[in-house]
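Number of protein chains: 2
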Amino acid sequence: MCPYLKEFMPLLVVGSIALDTVQTPHGRVENVLGGSAVYFSYAANFFNHVRLVGVVGKDFPQEYKQILASKNVDISGLEVVEGKTFRWSGCYEGAMNAAQTLLTELNVFATFEPKIPHLFRDSKFIFLANGGPATQKSVLKQIHAPKLIVADTMNLWINEQRDELLDLMRQVDGLVLNEEEARLLTREMNLIKAGKQILKVGLKFVVIKKGEHGAMLVSPEGFFICPAYPTEHVKDPTGAGDSFAGGMMGYLAKTRDISHWNLKRALIYGTIVASFNVEDFSLNRFHQITLDDIEKRYKEFISMVSF
Amino acid sequence: MCPYLKEFMPLLVVGSIALDTVQTPHGRVENVLGGSAVYFSYAANFFNHVRLVGVVGKDFPQEYKQILASKNVDISGLEVVEGKTFRWSGCYEGAMNAAQTLLTELNVFATFEPKIPHLFRDSKFIFLANGGPATQKSVLKQIHAPKLIVADTMNLWINEQRDELLDLMRQVDGLVLNEEEARLLTREMNLIKAGKQILKVGLKFVVIKKGEHGAMLVSPEGFFICPAYPTEHVKDPTGAGDSFAGGMMGYLAKTRDISHWNLKRALIYGTIVASFNVEDFSLNRFHQITLDDIEKRYKEFISMVSF
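One line per chain: the protein sequences are R and B, in this order.
Every letter in the first sequence is one number past the one before it in this note's numbering, and letter 39, counting from 1, is 150.
Every letter in the second sequence is one number past the one before it in this note's numbering, and letter 42, counting from 1, is 153.
The hints are simulated quantities; they were obtained by calculation from the structure and are not laboratory data.
The reader is advised that the hints may include incorrect statements.
Note that the list lumps identical chains together, so a pair holds whenever it fits in one copy or between two copies.
[What the hints assert, rightly or not] As a list, the in silico DSS-like pairs of lysine-lysine whose alpha-carbon atoms are at most 30 Å apart:
1) 169 - 311
2) 321 - 375
3) 407 - 311
4) 410 - 169
5) 304 - 407
6) 307 - 407
7) 248 - 375
8) 182 - 321
9) 375 - 410
10) 315 - 169
11) 169 - 182
12) 321 - 258
13) 311 - 410
14) 304 - 248
15) 304 - 321
16) 176 - 226
17) 321 - 195
18) 375 - 315
19) 375 - 407
20) 375 - 304
21) 407 - 182
22) 307 - 258
Just so it is clear, the structure is predicted and the values come from calculations on it, not from any experiment.
Pulled out of the complex, with its shape left as it was, chain R reads as follows:
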């Protein structure tokens, strides 16, 4: 048994585990550890024990499994199946605001049917990282009494499985998506209007991520605008959104408080964790820092946005 289980509110993430090949103006890395659930786990882990459910192929390097397990991530929900691990390749140019996807090979992730281990079914905080809405819904059926369920999504599902996605949205508490996705989902250009419209499905809150421009929280209790931390040394933005979600959910699980007030703080922690992530390729920067570094930058950030 993990020693944290008593201390922390269990946080479950279901999502992709990938081998990424990324090129930015600062270099190139090949087949590095990536994927939404991985970035999320690493980020959340600074605050709270994480349970990861995902799938990899037989080609998944043993060392990556060890890297995951060495963090306080419970990988007993990691399925290893015949075939190749999900691969993604992308390139960032200029201000590195958007990735140009060069290759997406879903491989074993294409037929992923998440099986939540029995010991994980009492998880209280659930993050459904980017995946098909039907797959995301199948997770919810396996969870007993969740306290907070938050889902991510992407343009593919908005375009191709809108009804399924709307149905998922009625079953979760919060939705995290980026600004283009919010516009696509609502056909509304104005982000505040888009956020309010998304909320109407019955969500408790919506978080709209704006990349280097921060994030916005929309809930029936009001708005919160959270600027991004102005990182000077952006090397690779891959995983920034998932790191943001990880920091946010990790902080929420740790504090067990999902009030509007605490959600604001969670967004700031998400912002800070993501700001570290982009300073190096893959999870490299996360390996170098501790919660102390996060708290230090959190304070610095507060001084930058206070008046």
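Start from chain R and add chain B according to the hints.
Using the frame of chain R, we list chain B on its own:
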């Protein structure tokens, strides 16, 4: 004599006065009152008396002159010369983040040589709205003992008159520019690095405007990140940047305090004033509001960014 002269610190703006034709998804207006100095004056005017220096052609409608004069704008520096008034035409689509310029007819503005009336030469707060750096410098020679000089610029001057612009920057206290311009000026993609680099010329502060994503203050005393007010009803973004600068400078002139702390507040007031401006075409929205409306939204904004 204006009754405000004793009460307020004189604020001078030199810049363009235009007849704008604008199309957005919310409608189209033709030959409406616009121009950097006009938007600036209207915005600053909520806080402080404004002295305007600019040029128009003989075709400039008398009613527009009256509209300007009806506000607390001293237009005794408004030159009327033979020829046509500066005309700009632009179109905004989708999220209306950037104007597509359809036409720029400099007309009488092309040969504009600002003559600062003698009564204006004691102005303490000076805003050099967008214009050629040589023209901007010619204004400075005519001012006696300024307290704060802030300049705006644009891609045209950065590309074509870089040295002249750098020379201007050495003669002013603050520079206001948008993010693309900051990147172009420094050839640095990262805005924090860009801001720091611009500062090195010897400026007291740099304000980088990020449109719907807010603004950033960079000074030797630190950074301040100011998100934009999330306006739901954007009808026409024309003049948002100049309104922002007007609100900022108006507030600074009114409070006579150019400390880092007060600059932060000035950025927020600029943000709020600009958020009203974009809610209607031309200066329409400014005609409907008072300082009370600005103060009310200021408080609302504070609650959105506080945590």
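Verification of the supplied hints:
{"no.": "1", "hint": "169 - 311", "verdict": "neither (43 Å within a copy, 54 Å between copies)"}
{"no.": "2", "hint": "321 - 375", "verdict": "both (16 Å within a copy, 22 Å between copies)"}
{"no.": "3", "hint": "407 - 311", "verdict": "between (37 Å within a copy, 27 Å between copies)"}
{"no.": "4", "hint": "410 - 169", "verdict": "neither (43 Å within a copy, 57 Å between copies)"}
{"no.": "5", "hint": "304 - 407", "verdict": "between (35 Å within a copy, 21 Å between copies)"}
{"no.": "6", "hint": "307 - 407", "verdict": "between (34 Å within a copy, 22 Å between copies)"}
{"no.": "7", "hint": "248 - 375", "verdict": "within (27 Å within a copy, 46 Å between copies)"}
{"no.": "8", "hint": "182 - 321", "verdict": "within (29 Å within a copy, 38 Å between copies)"}
{"no.": "9", "hint": "375 - 410", "verdict": "both (15 Å within a copy, 18 Å between copies)"}
{"no.": "10", "hint": "315 - 169", "verdict": "neither (40 Å within a copy, 59 Å between copies)"}
{"no.": "11", "hint": "169 - 182", "verdict": "within (22 Å within a copy, 74 Å between copies)"}
{"no.": "12", "hint": "321 - 258", "verdict": "within (27 Å within a copy, 38 Å between copies)"}
{"no.": "13", "hint": "311 - 410", "verdict": "between (34 Å within a copy, 26 Å between copies)"}
{"no.": "14", "hint": "304 - 248", "verdict": "within (27 Å within a copy, 44 Å between copies)"}
{"no.": "15", "hint": "304 - 321", "verdict": "both (15 Å within a copy, 20 Å between copies)"}
{"no.": "16", "hint": "176 - 226", "verdict": "within (18 Å within a copy, 72 Å between copies)"}
{"no.": "17", "hint": "321 - 195", "verdict": "neither (32 Å within a copy, 43 Å between copies)"}
{"no.": "18", "hint": "375 - 315", "verdict": "within (14 Å within a copy, 33 Å between copies)"}
{"no.": "19", "hint": "375 - 407", "verdict": "both (18 Å within a copy, 22 Å between copies)"}
{"no.": "20", "hint": "375 - 304", "verdict": "both (19 Å within a copy, 28 Å between copies)"}
{"no.": "21", "hint": "407 - 182", "verdict": "within (21 Å within a copy, 48 Å between copies)"}
{"no.": "22", "hint": "307 - 258", "verdict": "within (23 Å within a copy, 45 Å between copies)"}
Consistency note: the structure conflicts with the earlier hints numbered 1, 4, 10, 17.
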